[in-house]
Each structure stands twice: as C-alpha cells, then as structure tokens.
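So the sequences go chain by chain: E and G. All residue numbers in the first sequence are consecutive under our numbering, ending with 630. All residue numbers in the second sequence are consecutive under our numbering, ending with 630.
Wrong hints could be hidden among the right ones.
Since copy identity is lost for identical chains, a pair holds within one copy or between any two.
To be verified - The list that follows gives simulated cross-link-like pairs (lysine-lysine, DSBU-like), each with its CA atoms no further than 35 Å apart:
#1 277 with 418
#2 277 with 258
#3 258 with 323
#4 418 with 258
#5 277 with 551
#6 323 with 277
#7 551 with 258
#8 418 with 551
The hints are simulated quantities; they were obtained by calculation from the structure and are not laboratory data.
Protein chains: 2
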Amino acid sequence: MNGHRVVVIGGGFGGLQTVRALRGAPVEVTLVDRQNFHLFQPLAYQVATGALSAAEVASPLRAVFKRQRNVEVVLAEAVGVDIDKREVQLGVLPTGEEGRTLPYDTLVAATGSRYSYFGHDDWRPFAPELKSLAGALDIRDRILGAFEAAEVEPDAQRRSAWLTFVVVGAGPTGVEMAGQIAELARDTVRRDFRAADTRQARVLLVETADRVLTGFTPSLSRRAYKALESLGVTPLLGRTVVAVGPESVSIADADETVDEVPARTAVWAAGVTTTGFAGRLAAATGAATDRAGRVTVDPQLTLPGHPEVFALGDMIRIGDTALPGLAPVAMQQGRFVGRVIRDRLAGRTPPTAFHYHDKGNLATIGRSRAVAEIGPLRISGFPAWALWLGVHIVYLIGFQNRLLVLLRWSFSFLTHGRGARLITAPTQTHQSVAQPPP
Amino acid sequence: MNGHRVVVIGGGFGGLQTVRALRGAPVEVTLVDRQNFHLFQPLAYQVATGALSAAEVASPLRAVFKRQRNVEVVLAEAVGVDIDKREVQLGVLPTGEEGRTLPYDTLVAATGSRYSYFGHDDWRPFAPELKSLAGALDIRDRILGAFEAAEVEPDAQRRSAWLTFVVVGAGPTGVEMAGQIAELARDTVRRDFRAADTRQARVLLVETADRVLTGFTPSLSRRAYKALESLGVTPLLGRTVVAVGPESVSIADADETVDEVPARTAVWAAGVTTTGFAGRLAAATGAATDRAGRVTVDPQLTLPGHPEVFALGDMIRIGDTALPGLAPVAMQQGRFVGRVIRDRLAGRTPPTAFHYHDKGNLATIGRSRAVAEIGPLRISGFPAWALWLGVHIVYLIGFQNRLLVLLRWSFSFLTHGRGARLITAPTQTHQSVAQPPP
C-alpha cells in the first residue's frame, strides 16, 4: 500500500465502476453511500408494481466488494467537502456520531440526480419519486392500497378517484411505470377484486413536451405512444402539472386552462436536478453549474483547477455538453476515471478526454412491447422487448439475482401474475395505508 | 348462493385453511385481515437475517383466493364484535373510512397471538418482535445497521455493544433467530467489514426455563443447546430479562442478581398473549380466558352458547387444554371448522369435537443442524435439517415461492451468502438507521 487515498461518493453505476476499475491498484478506496446497497435503478419501477422484490434489484455494496481488499465501505451521507484540506464531511454515521471527516488524495463525486418537483417540494409527499428503493416500496404500498380502497368505497365518484393514477413525466421511467400500472390494473389484479372493476382504472401520463420518450427519434416516440394507448394509458402531451394534493392533480394545457383531476395516487418521474453535494462541490471549487444543477467539468472529468477531484454521471456536464442521464454513460465514465487514477499513479500518461460510446437506447412499455435505437437501427415491438430483457439481465449485479429475476419474469409472463404484491408498511391502525403521511 | 355469510377474521394458517375448506360451499365468505398477505410465519426469521425476501415468505391474500369466487377480502382490523346483532366492527378502511360493520351468520375468529413483553410494552421499541413481516424487516435493518455501526465505532467497548445481540426466548423462533445471527456474524458477513471483526459478535439467548426448546423432549433440548454453542450462541438459561433500553438489556438470574449487558440490538420472541380481539370476543360471549388471554371454547371450537361463533389457533384453549401454538394445529382446526360449517348447511351431522393429529415437531438451529420429534422418533443433525427443509418448502404457499426459496437456500448453502441483506428503511439524514425510533 502506498496509501494513496481515493474517496468515491455514491455507489450508483458510476461510483461502482470507478471502484471496480481500481481493483488491485495501489490505492486505499473508501466508498461512501447513504444506502448499504447498489440499486439497479432501471428496474426500480418493477419493484413499485410488485413484479420484483427489493433484493432482486439491489445488491449489498459490501457483498459486491467482498473480494476487492482495497475497498472500505462507509454508510453515511457526504454532506460537504473542504477542497483545501482535502476532506469530505460526513453526515450521521450508523453509530449516531456526527461531524466526522474523511481525508482524500483523490476524490470522485458520483452523487447522481434526484427529481426537482419543478421547485415544489411540497408536492413530494403526494407524488413519491422512483429514484430510490424506499420510493419504489412507498409507491408499491400506495398503488396496492388504492385498489384496496376502491374495493371498499361505495361512492362511484370517489371510487373512480382511487382508480385514477397520474404519472408525471414521459421519459423511460415514466413510460415504463405507466405501462406497468395499466397492466397491473387491467390484467394482473383484474380477478382479485369483487366490488371494484380495476379495468376501469385510468392511468394518465403527463408530459410537458409534445411527445413521449424525447430521448428517442420521433418515429419511435409515435410507436411508444401507440403501445401505451393499447395498454390503456392516456398520454397527456404538452401539459404541465401545476398542483399535486392528497386527492387531486391539477394539469394545465398550452392555453393554461387548468383541469383538476381527482386522483389519489401520483408518481413523479420528471425534471431531474442534482443532489445537494453537487452544489457544495461546485461552490467549493468555483465550478459553473447549469440550470439543472449540473457541475461543469473538464474533458478529463476533473473540476477546473482541481485535477485531484473527479465528478461523473448525471451530476455533471462536460464543458457545454450534457450527456443523457443513462447508466451506460455513468459506467463508462467510472471506468475512465479509474483508468486516469491508475495511469497517474503508475507514471503513465492518462487519457486526456472522456468520449462516450453510444451503444444505443432502450425503453420498455409493457409485456412484449419496447423501443430500441441502436446507431441507425430503429426497433420496436417484440424484438426490442427481447433485447431489453437480455440487456437488463446481463447488466444486473450478481449471478443469483440474474437467475431469480429471469425466473420471476418467466412466471409473470406465463401466469400474468406478480409475486411481490405486498403492502409492507407497518400497519397503521388509525390511518389509511394509501394516504400520504401528514 | 343461499347468502349464508361467513366472516373469517385473520389470514394466518387457521383462517386460510377455514376459507379454503369452504371452497364451493353455498356461502359468502369475507376474509378480514390487517395485512394484504398471508405470512408464512415459520420463515419470518429468515427475512430478519436477509436470507429470504419478504415476497418469498408472504403471499397476497387476493392472489391466494383469486379462483375461489365465494371469497371477498377486506383489508382492515376487526376491532370489535356485536354478538347479538351478529356484526363485526371494522377499524380504519383503506379509504380512511371508520366505523363500518360487517354482518355475519357464522363468525370464525383466527386472530392468533402476539408477544406480551412480560407486560412491559415500553420495551417494544428496543426489542422488535418476529411475529409480523414489518417486525422482521425492522429487525433486519437493525442487525445490519449494528454491523455498520461497529465498523465505524473507534471505541472498543462501544463497538462490543454494537456487536452484542440479545434474543429473548428460546422457543423455536428464538433458537432459529439466535442461530442465524451467529451464522451471519461468524460466516456470511465476516469478510464484508474491514475495521470490525464480526466474529467477535456475541449472541445471547435468554430463556426463563432451564432448557431451550421446552416443546421438545429434554434429550433434543440438550442437542439443540450443543448445536447453538457450536455456532457461537451463548444460551443463558434460568434467566429473565428485567429491563430493555436503547443501549442495554438487563438480565436477572435465579438469585435475582441483575446483570446489565451493553447491547444495541435485541429481538423479542418470548411470552405470547392473544390480540385485543380475543379479549373482546371473550367479553362479548362471556367465555373464560386464561392467563395468556386464550379464550375457552367448546370441543367443536365454538364459543359457549354461541354455536355460530368459532375460534381457533393459538388464541384458544379447548376446555382446559391449550394445544401448542403451532401452524399444524391452526391448519387442522381451520379445516375442521370449514367441515362443521359445510355439514351444518348441508343438513349433515357435523363432527362434535376437534382432535389434533400430532405429526411431529421440528426446529432448525442453523446450517445443517435441526431437531425433530415424530411420534417416538428423535432425530437431530443433518437428517432432521433435511426434513425441516422439505417440510417448509412443501408447506409454503405457491409454486413460485417454493422454487424461489429452494434456489435462495441452495445459493446460501453453496456460497455462505445471503442475498437480501438490505437496509430498506427510508434514509434518515439526522438519525442513525440502527437506533430505535424516539
């Protein structure tokens, strides 16, 4: 050990690849994360609809790095950084201790993004987000709780509000979520209820842009739109959510006419921004940030004037370029940063600029439906769905999870069932499980 | 439909079998439960140690009865009963509505038991119980959080308190739990940590009786004791817990000398009592209750003077006889009650008294270790463990869960790993994940 200390903040796709790329390198790596697991975020929406269990899309970080002896994992939030002292400030430790600092020689910030709620954090309790495992489990409890409420609600109008689901944002996550809720209502739980007809459920997908999946070419957006409609989703394009409350979502169209839709369940998947740490890092280094909070880094993914500080993933832009907030981007950047650190320590000349190799873009809409864009290729329908399945199985962490997910999906495909339809929040005796916390 | 309304309260082993036994009968069954799933409680402890996922030991009630068209499921707590009006009073519904009643022609109470905490409900926040899925998930977060805390705790004495686990009660659940925590610390997570030596973990198993597993013959108790010791568990027999706090558990011996053991994690599995509904049912019918709150029923499992009201499982005693609180007892009683209801409606003479067919008793202690008592047979070690595995797989609800659990166990056995080691409580920024709620 030469004792070169690398602190990596964030165990998402970017952070994980950085640490892996440092395997066997003469460094002491400390990986800091608020959670004890890596979340395979592209499948979090399947937890939210009971198709998969939490453990099938999340791998304990310590298990991932069990055999990489130069890695230490610390379960804490990074709350600040002292660039001159080269120290990261940690939040509350699992012991309850506060105020500890972590010295570094090289810092890698990979803290990702979160949803902005268009600046309305007060909407958050009524429309949880799909970025975290806790959020996905919360959404699962609410969706299943809404069906339960519809079953015992005698008033038709109120029942209809329990069977109305609003998904905000028609990017890949919003599209996948809306498709799955529609399938859940119209297919999976259809025969589970006696009084409520879950086929009457309405799933509204609200998007400010004039098409769904703006990251894809317009022709694939049109195919996705049609696939959503055939699943029973109502895409509302060119509309903006202007208010979210416990019993309704208000949606404005281009003329600013506002429609207050009675709906008891909303899911947020629109408008990303960076985490608090990104802002603190930018302030500490004097780096510029854009409107979405992304920190401007050099082509080598370092902060201006601070070659010892890297940042990557969807918390950065490289000069004027903001790459899409996708797992492959963060993973390639993680491997790049690992390479630069190794080269520097070995006295080799490291690569001077990161280049993204776009291998394509995939989104699934529901059973047997997906769209894919690979270079000049445009694929939709079953072939795209098969590709989506394959890619997601391959990139899942851990052989056991791959096999279990494959099995679960096979069961779901054959039986139209979903095994993990549990409401796991502690029983609330004096409060509805489907209601947001006070 | 002749409209005979059967209300079954509780979707545990007894309630589930009652409902199943009424399949195709000319009745309208309403199954009332606070949870939307049946918990396979004998495996809840495996969720608490990350060996299994919640969805693998819990089946959505609606999915279980999807094809049984005479069943309606209501997600609510039964808070009272009006014996004269023949109505069950429901607590808060998923809509938030309160005060609804459910009329019945026949009532079946199967509300089970909970832990009594020896009358000290104030200990509950510091020593969660293993009866519910929420409890098991809470325990999982605490055990994993305690290892995380030990990893960052510089003080040796404090670290030792984080690595001390107290399990209260050496019945099957307590024994299984203690064995699994010891295996987790000494084997599974051993290489996960860098600073903390988890092999130093102490697992104390406190039992008031002078042997473990008092439901078994003394020779098997001795074998179980030795198996526990070889796993690294310290059984403390003839001792009683007299206080539980956030940082210690106080244990008194026969001389009433009290030892305050610094321990940050405790699990409760001792001293069962019945739920509030059992007491209300006894009060409403004038039935006697014993010290553990069990309601005295007639040999036909009906309340005295109320042939239309059945009760079963570990909430009852039949005359002076309290059968062991085991799943097979409740299941046989459920089938018996279903049979009596069917016979009555068909004008046949129903059986007049329930008889328990004791097929044996099983408890596992850890990897390859178990004890079994089948009639005159006493088995321990690997054969008992293989039997335990087989029985638990067979009795799990649902083919998919059987296969998934079998796979998980095979992986765990081969790799010494546990796939579901997640801390899933929402991130608490200003509070330790391992600390009990205020």
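Status of each hint after checking the structure:
Neither within a single protomer nor between protomers do residue 277 and residue 418 lie at most 35 Å apart by alpha-carbon distance, with minima of 56 Å and 55 Å respectively. Taking the shortest alpha-carbon separations for residue 277 and residue 258, only the intra-copy value of 30 Å comes in at or below 35 Å, while the best inter-copy value is 63 Å. Taking the shortest Cα distances, residue 258 and residue 323 sit within 35 Å of each other both inside one copy (26 Å) and across copies (32 Å). With identical chains, the CA atoms of residue 418 and residue 258 are at most 35 Å apart between copies only, with a shortest distance of 31 Å across copies and 46 Å within one.
In this assembly of identical chains, residue 277 and residue 551 lie within 35 Å of each other by CA distance neither inside one copy nor across copies; the values are 40 Å within and 69 Å between. For the identical chains of this complex, residue 323 and residue 277 are intra-copy neighbours only, at 33 Å inside a copy versus 50 Å across copies, given an alpha-carbon limit of 35 Å. Taking the closest pair of Cα atoms, residue 551 and residue 258 come within 35 Å of each other only inside a single copy of the chain (30 Å); across copies the shortest separation is 43 Å, beyond that limit. For a Cα distance limit of 35 Å, the shortest separation of residue 418 from residue 551 inside one copy, 25 Å, qualifies, whereas the shortest one across copies, 58 Å, does not.
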